[in-house]
Amino acid sequence: MRTRIRPLALLALVLALSTIVAACAQPSPTPTQAPAPTKAAATSAPTTAPTAAPQPTAAPVALKMTCRCVEGGVNANLVKWFKTYLKPEFEKQAKAAGKNITVDLVEFGGSDEELKQQYALDLKVGKGADVMAFDGFWVPEFVAGGMLKPLEEIGGPDVKSWEGWSHIPAGLQQLLSYQGKIYGIASGTDTRAIFYRKDIFEKAGIPTPWQPKSWKELLDTARQIKQKLPDVTPLQINAGTAMGEATTMQGWDMVLLGTGIGMYDFDANKWIASAPGIEQALNFYKTVYVDEKLGDARIQLLKDGRNQSFAGFRDGKIAMLVEGDWFWRSVLGKGSEWEIPNRDQIVLWAKMPAIEPGKGYKGQDFVTISGGTGFVLNPNTKYGKEAWQFLAFMNSKEALTAYQDIEPRTRVRDDVPITTDPVLTAMGKALMPLTTVRPMLPEYTKISEEAQRMTERVVSGEMTPAQAMKAYADAVKQIAGADKVIEVK
Amino acid sequence: MDTARGVLSRRGGLVFLAPALIFIAIFILFPFVWVFFLSFTNQTLTGATAVQWKFVGLANYRDLLDFSKWMHSGEFGNALVITLKYVVGSALIGQVGLGLLIATLFNRRKGILREVLFTVVILAWIIPDVVIAFAWVAYLDRDFGTLNKILHIFTPAQIDWLLEHPLESIIVFNTWRGTAFSMLLFSSALATIPPSYLETAEVAGASAWQKFRDILLPLISSHILTDMIMITLWTFNTFTPFLLTGGGPAFKTELMSIYTYRIAFKYFEFGRGGAIAVVVMLVNLTLALGYLAILRKQAVRT
Numbered sequence: 001m002r003t004r005i006r007p008l009a010l011l012a013l014v015l016a017l018s019t020i021v022a023a024c025a026q027p028s029p030t031p032t033q034a035p036a037p038t039k040a041a042a043t044s045a046p047t048t049a050p051t052a053a054p055q056p057t058a059a060p061v062a063l064k065m066t067c068r069c070v071e072g073g074v075n076a077n078l079v080k081w082f083k084t085y086l087k088p089e090f091e092k093q094a095k096a097a098g099k100n101i102t103v104d105l106v107e108f109g110g111s112d113e114e115l116k117q118q119y120a121l122d123l124k125v126g127k128g129a130d131v132m133a134f135d136g137f138w139v140p141e142f143v144a145g146g147m148l149k150p151l152e153e154i155g156g157p158d159v160k161s162w163e164g165w166s167h168i169p170a171g172l173q174q175l176l177s178y179q180g181k182i183y184g185i186a187s188g189t190d191t192r193a194i195f196y197r198k199d200i201f202e203k204a205g206i207p208t209p210w211q212p213k214s215w216k217e218l219l220d221t222a223r224q225i226k227q228k229l230p231d232v233t234p235l236q237i238n239a240g241t242a243m244g245e246a247t248t249m250q251g252w253d254m255v256l257l258g259t260g261i262g263m264y265d266f267d268a269n270k271w272i273a274s275a276p277g278i279e280q281a282l283n284f285y286k287t288v289y290v291d292e293k294l295g296d297a298r299i300q301l302l303k304d305g306r307n308q309s310f311a312g313f314r315d316g317k318i319a320m321l322v323e324g325d326w327f328w329r330s331v332l333g334k335g336s337e338w339e340i341p342n343r344d345q346i347v348l349w350a351k352m353p354a355i356e357p358g359k360g361y362k363g364q365d366f367v368t369i370s371g372g373t374g375f376v377l378n379p380n381t382k383y384g385k386e387a388w389q390f391l392a393f394m395n396s397k398e399a400l401t402a403y404q405d406i407e408p409r410t411r412v413r414d415d416v417p418i419t420t421d422p423v424l425t426a427m428g429k430a431l432m433p434l435t436t437v438r439p440m441l442p443e444y445t446k447i448s449e450e451a452q453r454m455t456e457r458v459v460s461g462e463m464t465p466a467q468a469m470k471a472y473a474d475a476v477k478q479i480a481g482a483d484k485v486i487e488v489k
Numbered sequence: 490m491d492t493a494r495g496v497l498s499r500r501g502g503l504v505f506l507a508p509a510l511i512f513i514a515i516f517i518l519f520p521f522v523w524v525f526f527l528s529f530t531n532q533t534l535t536g537a538t539a540v541q542w543k544f545v546g547l548a549n550y551r552d553l554l555d556f557s558k559w560m561h562s563g564e565f566g567n568a569l570v571i572t573l574k575y576v577v578g579s580a581l582i583g584q585v586g587l588g589l590l591i592a593t594l595f596n597r598r599k600g601i602l603r604e605v606l607f608t609v610v611i612l613a614w615i616i617p618d619v620v621i622a623f624a625w626v627a628y629l630d631r632d633f634g635t636l637n638k639i640l641h642i643f644t645p646a647q648i649d650w651l652l653e654h655p656l657e658s659i660i661v662f663n664t665w666r667g668t669a670f671s672m673l674l675f676s677s678a679l680a681t682i683p684p685s686y687l688e689t690a691e692v693a694g695a696s697a698w699q700k701f702r703d704i705l706l707p708l709i710s711s712h713i714l715t716d717m718i719m720i721t722l723w724t725f726n727t728f729t730p731f732l733l734t735g736g737g738p739a740f741k742t743e744l745m746s747i748y749t750y751r752i753a754f755k756y757f758e759f760g761r762g763g764a765i766a767v768v769v770m771l772v773n774l775t776l777a778l779g780y781l782a783i784l785r786k787q788a789v790r791t
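Chains as they are written, first to last, in my numbering: chain W, 1 to 489; chain X, 490 to 791.
Any given hint could be a false lead.
Said to hold, decoys possible - Below, computed lysine-lysine pairings styled on DSSO-like, alpha-carbon distance capped at 27 Å:
#	chain 1	residue 1	chain 2	residue 2
1	W	K124	W	K385
2	X	K741	X	K755
3	W	K477	X	K741
4	W	K286	X	K558
Stated by the list, open to error - Selected chain X positions facing chain W (Cβ under 8 Å, derived; list incomplete):
#	residue
5	L652
6	F701
7	A739
8	K755
Just so you know, these hints were derived from the structure itself, not from any lab.
Where is the CB? At the ideal position from N, CA and C, for every residue including glycine.
In isolation and in its complexed conformation, chain X is listed as follows (with noise of 0.2 Å):
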């Protein structure tokens, strides 16, 4: 690393950087802490607790890891459970494997096709929650749905998506939603290994399967890395199933941001709500420090 003077002193440096400071520390930094100090509270928003709230030391992170019952519906270790269920799902196969998926096959490639594919696939990243949750909403329908009816052609079985395979549905769903993110990543990153790679493997002989194995793979594999753990943040701290579902029925697709929101905003609960967040964080801390290091490491090696 060089370690070359910029153009501007460390002062005139801090003065630029005081503005992004100020707000990193009003809107990240305080609500941290107010946050943690909450967790050790009992305060609600309504109710007795909601003025004469009390320091209750652990007692809300001990409830959390109640293992006599935090399995059950509704409780921490099944919203725990079901959000690793749904990053793997949609995030690491779905998203990461779809991505990859498309940026291979038009790799290299012009044409109608790849243009409205990559359209497409984009639209769904980019169209407001709302709508798009309305959108599948209407298409999962048991009665009036767009798929039920397709699969009307095929077979008279009525699936009530949503009630039947919740926790699919909204894999599926988030697979449709985010894989814009890892195909372009994944093409662009493609875009740069030269083209000469791939001809010399052709004329000695290379199958699809070898070159995408052998040539293509190794050259992203840091891309596909860094996406994997960017993602893999997004997805862990995603609301928008909760507009889909509800994190229902019977809490079969509580992810632990709607568990979040159901224990301190539904429930009123500021202190246990504090806790959950608490934990989250740490989790998301873990994830974020694990990505750091590769980028660290990644920037070595290059």
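Just chain W, same shape as in the assembly (with noise of 0.2 Å):
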């Protein structure tokens, strides 16, 4: 026994001493970019000391930038904008003014729910990059939560007399503000819309361009794909929880919005928590994936899910995905994992039906909902004032202007030339008039994963539509408060 049991100590010692050994080793957050600025200025300081001697404490400052980016994934335009322009243009002007500033890029691969949970943690331990990519939905909860500051607190007087907010829309303004305070410079605003593939629609006798006028319309196509095209899924629309924000906004919101009425109701201040319309929607995603199987509800529960979802429409197994402009800008687009190289000519869109013409949100025959990303500054950063100097620099029109070349998109600011791709200036003229917001509020990241709790225990099968919204209902009155909240019979 005793010589039997000498090497498993022997093993379990050496684990605990490498594990230990490992935890040691590590000096910060992103081992790979941290010590770099550092070790470059430790090097470069005895050598240079003498002749930069006379020369004021230009003291180095190294900002750091994250996005949930990764060259030659996900938003890979934007790590490519930063590389190839921001960082080197940004570096040049501080070095002709007489500073030593470097920038540097912290690309972050997980989803966008990963990424807000790294910021809550980072934020909460005063941690994080000096500019941070923000999703303008999750200001009210951070701000309130103490974890963000307004811009002019972090940059000092710079942010007022920035000659960028004239040529800013107010309304683009407001996208990353709470409480009439701005925490950060929008990026832009999206839309959403049916993208689907011309070559299957051509290949199951659809004729092109196809706009559908009513649920019945765009599920009757989906079932004539099904019945041509076997191995096809004719139509994915989001649902459940491991897409997150995307199911709310690209599944939820545009199947609800059809039946009339939003997440909430602007008019009284109060969430919807039950209605008609609710158990309307939910039938249509039983319609989808539980009854006639017209989409593939294993994207929507598996953890990778969305990625699939791009995957698929790629290759051409998916014919019909709802989701917004992004997807066609950059995550078809040149340059992504998912590129359709001759994708001008084989992917069209249109406008998501309500459940019949006139029946949607206001009275509307179609309906679309908005959103905006943009970048905020951390109040955590050592150097405010260069953070703040970088934003701008960013936004400014000639940085603007580059990135219209790699990624065409209507930009925040009306200096800067508008887009050439007509498909987003189509999708804009067409859904802009027709579109909505997410309200602003705090509660709103909770109430938004209860309806991505809803649709997932529909599209699985676990509950019947009137389960479900009965539990969410429960859910958010528990949230929002039971005098928050109405329930329509």
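Quick one: dock chain against chain with the hints and give me the complex.
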């Protein structure tokens, strides 16, 4: 026994030691990024010290920016813009002004939800990158939690006198604002629609361009594709918790708005906890995923489902996908993992119809919803002034014009040349008048998560639409408070 | 029990223990008290209750035990039942059963087969979680997974293991992952049994099953019990399946540890997360006390 125990104990000791060593060897959350500037500063200091001595102290400033972006992966264009334009130009301009500022990108490869989680934890402990890509609807809950500060408090008086404000329409300035204060600069707003593949439609004998006028027409098209091309998933509309906010915006809202209501009643300032529209919307999901299997429920349930939906569309296995214009310009665009080289020829879009003409949100025939993302400054930054300088530089006319060449889009500034992409122009023209937004309230994210669970419970077959709505209503009442809720019979 | 004086005086002993006690106080006792305190508040990481939180009494616990919804997906009861199935399936049946089987089959045997098998089983145990999880995701994938490629020889069906059989998949995964401990423990226990016992039984004409049932099993039963309690504790708290399934699909593999993580660090509800953690700690404490009681009983017996 004794001789047998010994190797085990030794093994345990080795394992324990190696974990301790590993733990100690980790100097910072971003080991690949962090040491670089300090090392460079340390090695260059002794050699340049004699010559640099007369110069006034230009202490090196190392800024960091982070976003959900990966070279050759998600939001690849942003990385390209950063590396080919933002970093070199900004550092050059700083140098010309006699300052030693470097800016580096921390690429984040996880989901939006994981990025938000990272931010919450970073900000709570006083860490994080100086400039952070941020989704507008996160702002209220972070501000209410005391984790974000208005730009002016971080960047100083330069913020107010920035030339850019006069070129950004007031509506777009509001995207990263809360209770009248501005926390960041938006990159732009977006709209949502049905993207479909012309090649599949032609094979199924459906004439293009195609525009359904009701849910029935949409479902009939899906049925026709299913019948003619059994290997193709006709219609994918987001559901489930794994996709996070993409389920709420591209899925739930797009269906629910078609019944004439939204998640929140902006006139009564109350959440709609239960209503016939909610049940109708859930029944739509049930038809698509459970009863007729017009969509692939597994994509909605798997951890990596959203990327699979992109890949399925790229590979011609999904005929219709409800997505935002980000899908068109970034996911399917050049250099992306899901690039479709002949995108302009085979990908078309259609407006999302209401359940019946005139029965949609505000009596509309078609519905859509908009959000907005952008960049905020980290209140924990040591270099508030420089961080603002960089944010302002990112949103300068020159920088955004350079971005237009990499990824055409309607930019926030009115003095940046408008996009040459006819699809985006047409989408903006057709959908902006129909659009609505999410309520900017701190409890929004929690209620949004409940909506995601509600769709998941129907799509997975766990509950009937009526049961799922009941569970949702109970949760919404608990989160928002019974006095902040409407129940429509 | 003999109470002979040790080498050190009482005070000398305390001095030597002090560093360990300080560490325990900082890293175990303090967080425990803190979590207990949090569980009576409505504190969150973001939102207004991050700054202006208040005491809510037992509301978090009442919410956990709200029986009108607690078996719904993503609720406490659901996670508890899944965890129980997972512990019984992967630890008590899987790891103990497989560990005992391998240890018995190779008892008092040498040779290349034993060496290879033991090495493989131990490797599965010591490779880091993330590497293992990645390998298993690749193994179980519907379209490109090795398992389906092998099965394809026999059946054209393409099974999406983590979607259609999520709980079964992580049970098999954890059995594979952790059998080494039980196997090593049992094989060293078996090695302590004097060979003469088995030889005598053989002379008496006992079958293999009889030898196992009447000689080996009774002699290592105390080891089996110890092993069961330890791996039950470990398995109850394991988080690795998160890397395979993320707790999904539709919360079907949401173990207690994943549930706690989601509430506290994904939904940022520290108060509710604290309440769950306290309940989990109570379960663990019960298991640990049972373990200590049995150990003491064994110590008395020998």
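Now for the hints, and whether the structure bears them out:
1. Only pairs whose Cα atoms come within 27 Å are accepted, and K124 of chain W paired with K385 of chain W is accepted, the gap being roughly 22 Å.
2. With a CA separation close to 18 Å, the supplied pair K741 of chain X and K755 of chain X stays within the 27 Å bound.
3. The suggested pairing of K477 of chain W with K741 of chain X holds, with an alpha-carbon distance near 26 Å, which does not exceed 27 Å.
4. For a cut-off of 27 Å, the pair hint linking K286 of chain W to K558 of chain X stands: about 22 Å separates their Cα positions.
5. Satisfaction of the interface hint for L652 of chain X is found here, the shortest Cβ-Cβ separation to chain W being roughly 5 Å, below the 8 Å cut-off.
6. Taking 8 Å as the C-beta contact cut-off toward chain W, the hint placing F701 of chain X at the interface is violated, the least distance being around 20 Å.
7. Hint on A739 of chain X holds. Least Cβ distance to chain W is approximately 4 Å, under the 8 Å limit.
8. Using the Cβ-Cβ criterion of 8 Å, the hint placing K755 of chain X at the interface with chain W is satisfied: the shortest such distance is roughly 6 Å.
Hint check: a violation occurs at hint 6 only; the rest are consistent with the structure.
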